[in-house]
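Q: Spelled out, the chains give:
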Amino acid sequence: MKLSVQDLNSHYGPAHILFDIALEVGEGEVVALLGRNGAGKSTTFRSIVGLVKQRTGRIVFEGKDVSDQPTHAIVKGGLGYVPEERRIFTDLTVEENLEVGRQPARPNAPTWTREKLFTLFPNLGEMRSRQGGRMSGGEQQMLTIARTLMGNPSLVLLDEPSEGLSPKIVEQMVDAILTMKKEGVSMLVSEQNLHFAKLISDRAYIIERGRICFSGTMSELDARPDIRDAHLAL
Amino acid sequence: MAFYFVQFLTGLASAASLFLVASGLSIIFGVTRIVNFAHGAFYMLGAYVAFTLTERFSGAIGFWGGIVAAALIVAVIGVLVEMVLLRRIYHAPELFQLLATFGLTLMVEDLVVLIWGPSDLLGRRAPGFKGAVDFFGQNIPSYDLFLIALGPLVLGLLWLLFQRTRWGVLVRAATQDRDMVAALGVNQKWLFTSVFAVGVFLAALGGALQIPRDAVHHAMDLRIIVDVFVVVVIGGLGSIIGAFVAAVLVSELNAFGILVFPKISIILVFLVMAAVLIVRPWGLFGKAEAPARRTPGLTVNPWRPLTSNERLAAIAALLLAAALPLISGNYALTVGSEIAIFVIFAASLHFLMSVGGLASFGHAAYFGLGAYGVAFLAKMAGLPMIPSLLLGPLLGLAGAAIFGFFAVQLSGVYFAMLTLAFAQIVWSVAFQWVSVTGGDNGILGVWPEPWAASPSHFYWLSLGIAALSVAALRVIVFSPFGFALRATRDSPLRGEAIGIDGKRIQWTAFVIAGTVAGIAGALFAYLKGSVFPDNLGISLSVDALVMVLLGGVETVSGAIVGAVVYKALNIWLVSQTDLSKLVLGSFIVLIVVAFPKGIVGILETLRHRRRSDAPKPAVLGIESAE
Numbered sequence: 004m005k006l007s008v009q010d011l012n013s014h015y016g017p018a019h020i021l022f023d024i025a026l027e028v029g030e031g032e033v034v035a036l037l038g039r040n041g042a043g044k045s046t047t048f049r050s051i052v053g054l055v056k057q058r059t060g061r062i063v064f065e066g067k068d069v070s071d072q073p074t075h076a077i078v079k080g081g082l083g084y085v086p087e088e089r090r091i092f093t094d095l096t097v098e099e100n101l102e103v104g105r106q107p108a109r110p111n112a113p114t115w116t117r118e119k120l121f122t123l124f125p126n127l128g129e130m131r132s133r134q135g136g137r138m139s140g141g142e143q144q145m146l147t148i149a150r151t152l153m154g155n156p157s158l159v160l161l162d163e164p165s166e167g168l169s170p171k172i173v174e175q176m177v178d179a180i181l182t183m184k185k186e187g188v189s190m191l192v193s194e195q196n197l198h199f200a201k202l203i204s205d206r207a208y209i210i211e212r213g214r215i216c217f218s219g220t221m222s223e224l225d226a227r228p229d230i231r232d233a234h235l236a237l
Numbered sequence: 012m013a014f015y016f017v018q019f020l021t022g023l024a025s026a027a028s029l030f031l032v033a034s035g036l037s038i039i040f041g042v043t044r045i046v047n048f049a050h051g052a053f054y055m056l057g058a059y060v061a062f063t064l065t066e067r068f069s070g071a072i073g074f075w076g077g078i079v080a081a082a083l084i085v086a087v088i089g090v091l092v093e094m095v096l097l098r099r100i101y102h103a104p105e106l107f108q109l110l111a112t113f114g115l116t117l118m119v120e121d122l123v124v125l126i127w128g129p130s131d132l133l134g135r136r137a138p139g140f141k142g143a144v145d146f147f148g149q150n151i152p153s154y155d156l157f158l159i160a161l162g163p164l165v166l167g168l169l170w171l172l173f174q175r176t177r178w179g180v181l182v183r184a185a186t187q188d189r190d191m192v193a194a195l196g197v198n199q200k201w202l203f204t205s206v207f208a209v210g211v212f213l214a215a216l217g218g219a220l221q222i223p224r225d226a227v228h229h230a231m232d233l234r235i236i237v238d239v240f241v242v243v244v245i246g247g248l249g250s251i252i253g254a255f256v257a258a259v260l261v262s263e264l265n266a267f268g269i270l271v272f273p274k275i276s277i278i279l280v281f282l283v284m285a286a287v288l289i290v291r292p293w294g295l296f297g298k299a300e301a302p303a304r305r306t307p308g309l310t311v312n313p314w315r316p317l318t319s320n321e322r323l324a325a326i327a328a329l330l331l332a333a334a335l336p337l338i339s340g341n342y343a344l345t346v347g348s349e350i351a352i353f354v355i356f357a358a359s360l361h362f363l364m365s366v367g368g369l370a371s372f373g374h375a376a377y378f379g380l381g382a383y384g385v386a387f388l389a390k391m392a393g394l395p396m397i398p399s400l401l402l403g404p405l406l407g408l409a410g411a412a413i414f415g416f417f418a419v420q421l422s423g424v425y426f427a428m429l430t431l432a433f434a435q436i437v438w439s440v441a442f443q444w445v446s447v448t449g450g451d452n453g454i455l456g457v458w459p460e461p462w463a464a465s466p467s468h469f470y471w472l473s474l475g476i477a478a479l480s481v482a483a484l485r486v487i488v489f490s491p492f493g494f495a496l497r498a499t500r501d502s503p504l505r506g507e508a509i510g511i512d513g514k515r516i517q518w519t520a521f522v523i524a525g526t527v528a529g530i531a532g533a534l535f536a537y538l539k540g541s542v543f544p545d546n547l548g549i550s551l552s553v554d555a556l557v558m559v560l561l562g563g564v565e566t567v568s569g570a571i572v573g574a575v576v577y578k579a580l581n582i583w584l585v586s587q588t589d590l591s592k593l594v595l596g597s598f599i600v601l602i603v604v605a606f607p608k609g610i611v612g613i614l615e616t617l618r619h620r621r622r623s624d625a626p627k628p629a630v631l632g633i634e635s636a637e
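For the protein sequence lines, the chains are A and B, in the order given. The working numbering runs 3 ahead of the 1-based position in the first sequence. The working numbering runs 11 ahead of the 1-based position in the second sequence.
I should point out that these hints are in silico values taken from the structure, not numbers from a laboratory. Bear in mind the structure is a predicted one, so any value in this text is a computation, not a measurement. The beta carbon of each residue, even a glycine, is placed where N, CA and C say it ideally should be. Among the hints, a few may not be true.
[To be verified] Derived DSSO-like pairs: lysine-lysine, alpha-carbon spacing no greater than 27 Å straight-line: (1) LYS200/B with LYS56/A; (2) LYS184/A with LYS119/A; (3) LYS514/B with LYS79/A; (4) LYS185/A with LYS119/A; (5) LYS67/A with LYS200/B; (6) LYS298/B with LYS514/B; (7) LYS184/A with LYS201/A; (8) LYS171/A with LYS185/A; (9) LYS185/A with LYS201/A.
[Unchecked claim] Computed from the model, here is a short list of chain A residues facing chain B with C-beta under 8 Å: (10) TYR84; (11) GLU102; (12) ARG150; (13) LEU168.
Please build the complete structure, drawing on both the sequences and the hints.
A: In structure tokens, the structure reads:
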């Protein structure tokens with residue numbers, strides 16, 4: 004098992020946000036975490052990488068309990084995180100943004116170089132010295148993913164990669180994610196867009212009001228339109 | 012012509028050290044978001060250590076090696092400070108960081124005197140730069156030429172460091188988004204420590220390079236820090252180029268101001284700063300940033316007016332205090348009057364800082380202006396006591412109205428730096444304008460009239476005015492104006508959105524606080540019978556901050572308790588030890604690290620917990636839900 008989360012509970016100040024979250028990602032698997040706005044997807048990701056400090060529960064990554072480690076140590080261990088808000092360093096150029104993410108190669112994960120990433124995201128290759136703040140939303144989204152890949156992660160938490168992107172860019176994003184999967188990167192991808200999730204994932208969890216309320220393969224989810232309508236439809 | 016050119020070069024030479032210190036402050040602020048008040052102290056330490064090393068080791072290698080070694084040694088001290096102290100307060104509200112580093116400054120001032128003695132030290136001339144260059148009959152020290160070349164050189168090196176190294180890229184990334192850098196696997200702790208080390212190295216180098224030009228003394232920290240604050244406010248906090256340009260600008264203004272307007276040379280820099288702030292509040296090269304992060308609350312205890320029982324208790328306490336003359340002698344009554352006056356002063360700062368969210372580091376300016384106002388009226392205009400007491404604080408009001416107008420354009424650390432700079436300007440005027448203020452000799456013979464002259468009568472007068480002032484401020488806190496002020500403090504944007512003119516509300520609050528401080532100062536002048544520049548000095552401003560902090564920033568009545576406890580402790584301490592700055596500094600650091608809620612805050616938490624044992628109070632370092 005690549006990642007296993009058990010009994011995860013998180014708080015923002017006095018507010019209890021996540022309740023007993025349990026989920027797993029297998030080796031080489033792409034798993035979707037589906038849910039509406041405010042269901043707790045981003046908080047789950049932020050809790051896994053330790054950006055939410057008020058959390059309890061066990062987070063086991065590659066067989067090691069990382070729940071007590073600080074964020075940078077968890078990420079350095081090979082667990083990459085792509086935040087929903089993108090959080091590009093707007094004053095830095097594309098190449099400098101990538102440099103911030105650079106980590107040494109890892110034996111159990113594919114190794115990424117700038118050149119390799121520029122073939123994965125050709126748009127980025129054409130604007131190497133452009134400032135992050137002068138890029139379109141889609142380009143920024145690609146840059147965040149590329150930046151995280153520079154750390155040669157074996158697992159990536161991808162928070163709403165399709166959000167706010169044009170259909171054409173979404174297509175490129177699907178291709179990129181499938182390439183990453185083929186290279187051997189495991190992924191946990193949060194999504195609101197069921198169609199997008201179906202194109203990329205093997206399995207799915209549905210989260211609602213901070214609780215996991217469904218877990219199964221994509222075809223199992225297809226067989227349950229009632230669940231889809233109750234938790235995902237707008 | 013040649014004379015002016017030489018004057019220009021002298022200005023450029025002074026700019027070198029100023030730039031080194033200011034760029035260090037900017038770099039540290041950029042990443043850690045801490046305005047390091049102790050930066051002046053590191054500058055001073057650099058000079059002292061360099062003095063010792065260059066005296067010890069002879070020759071050119073001894074000198075230049077000593078300068079660099081001094082900067083390195085002080086950088087190591089800086090690293091220790093960062094690891095032991097700053098790491099504990101990165102998540103604390105800005106005010107606490109400013110105060111802790113200020114406490115550190117106080118400690119260093121006393122330690123320096125302990126180690127190197129109180130007298131000025133004259134360092135060696137720099138080997139190879141001992142002479143002067145002749146320029147059309149004017150002499151330019153060749154060391155000045157060296158410094159002139161050094162400034163741009165350091166600027167270039169810093170540029171390379173930040174643009175061309177991985178460390179520089181990481182630092183620039185962290186300046187923008189610290190959490191994201193951590194989320195990419197970079198250990199922020201060491202990044203912060205290394206940034207702090209570089210910043211302190213620059214400050215110490217700036218100090219060490221001053222020894223061939225200037226005497227080393229134990230007040231050089233405050234002198235440079237005020238200039239540095241002016242530089243970073245003009246240049247833009249976080250911008251190295253801005254620090255360079257502003258350092259040159261400020262140094263040239265100083266160099267030529269003396270020639271052109273000898274009387275108002277100090278005010279000239281202030282005028283330029285004010286002009287820059289009106290046009291570009293974030294400085295010439297700074298970036299207009301999103302409003303600074305809100306100061307997170309330490310506790311979530313909603314404020315409420317006193318219940319009728321508590322009102323009775325307050326009146327009982329007041330009556331008890333009024334009964335003091337029945338049991339104690341004249342000395343205790345004089346101390347009592349002083350404490351009552353400081354209750355007024357602390358309450359006025361509390362109003363500005365806790366209710367208004369504007370932590371002023373120069374509140375003593377308005378206290379002192381009130382005192383000088385009384386002294387002018389009583390001594391020069393010959394007015395009797397009551398009109399003087401009533402009109403004197405108007406000088407505090409006027410000062411607060413002028414400075415407050417500029418200060419409230421800023422917030423957070425910029426506000427703190429600006430208020431400190433203003434206070435320092437008022438102090439310099441009081442100190443330099445000897446014909447009016449008497450300079451260092453002050454104005455003597457401001458004695459109360461016979462009806463108020465006896466210690467018990469003056470005590471009752473002070474106590475009465477204190478009670479009225481505190482009550483008036485409390486009424487304002489719970490008035491619609493007070494609500495608007497707190498709304499602006501907590502969320503300026505939302506306040507604007509419901510039609511509150513935030514800047515005007517804050518300006519009004521600044522004027523109210525300045526006036527009340529002026530009232531305290533007016534009484535103080537009569538209590539002491541004299542007025543001195545120290546009545547508007549930095550240490551008095553810090554005293555007031557510590558009183559509020561000690562009582563509890565986030566409580567309504569903390570200032571009163573804090574003033575009483577602190578003033579009593581202070582009077583006792585000064586009678587006990589010569590190292591009062593060291594003790595006071597350690598005390599401030601201790602409060603910030605260990606008891607950030609203050610006395611009243613702790614009591615309230617305990618009472619709250621007893622009343623309802625369930626809800627845990629949210630603690631320091633709370634994650635904001637944004």
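Q: Against chain B, run the beta carbon of TYR84/A and see if the smallest gap drops under 8 Å.
A: 5 Å, holds
Q: Keeping to a limit of 27 Å between CA atoms, is the pair of LYS185/A and LYS119/A held or broken?
A: 14 Å, holds
Q: Is the Cα-Cα distance between LYS184/A and LYS119/A 27 Å or less?
A: With Cα atoms ~15 Å apart, LYS184/A and LYS119/A stay inside 27 Å; holds.
Q: Mind checking the CB of LEU168/A against every CB in chain B and telling me if the closest is under 8 Å?
A: 20 Å, violated
Q: Check whether the Cα positions of LYS514/B and LYS79/A lie no farther apart than 27 Å.
A: Answer violated: LYS514/B to LYS79/A is near 45 Å, above 27 Å.
Q: Straight-line Cα separation of LYS67/A and LYS200/B no greater than 27 Å?
A: 23 Å, holds
Q: Holds or violated: LYS298/B and LYS514/B, Cα atoms, limit 27 Å.
A: 21 Å, holds
Q: Are the Cα positions of LYS184/A and LYS201/A separated by 27 Å at most?
A: Roughly 14 Å separates the two Cα atoms, so the pair holds.
Q: Regarding the hint that GLU102/A lies at the interface with chain B, is the smallest CB-CB distance below 8 Å?
A: 5 Å, holds
Q: Against chain B, is ARG150/A within 8 Å by beta-carbon distance?
A: 7 Å, holds
Q: Is the straight-line distance between the alpha-carbon of LYS200/B and that of LYS56/A 27 Å or less?
A: 16 Å, holds
Q: Sort out whether LYS185/A lies within 27 Å of LYS171/A, counting only the CA atoms.
A: Given pair LYS171/A, LYS185/A holds - Cα atoms ~22 Å apart, limit 27 Å.
In terms of the numbered hints stated before, the structure departs from hints 3, 13, listed from lowest to highest.
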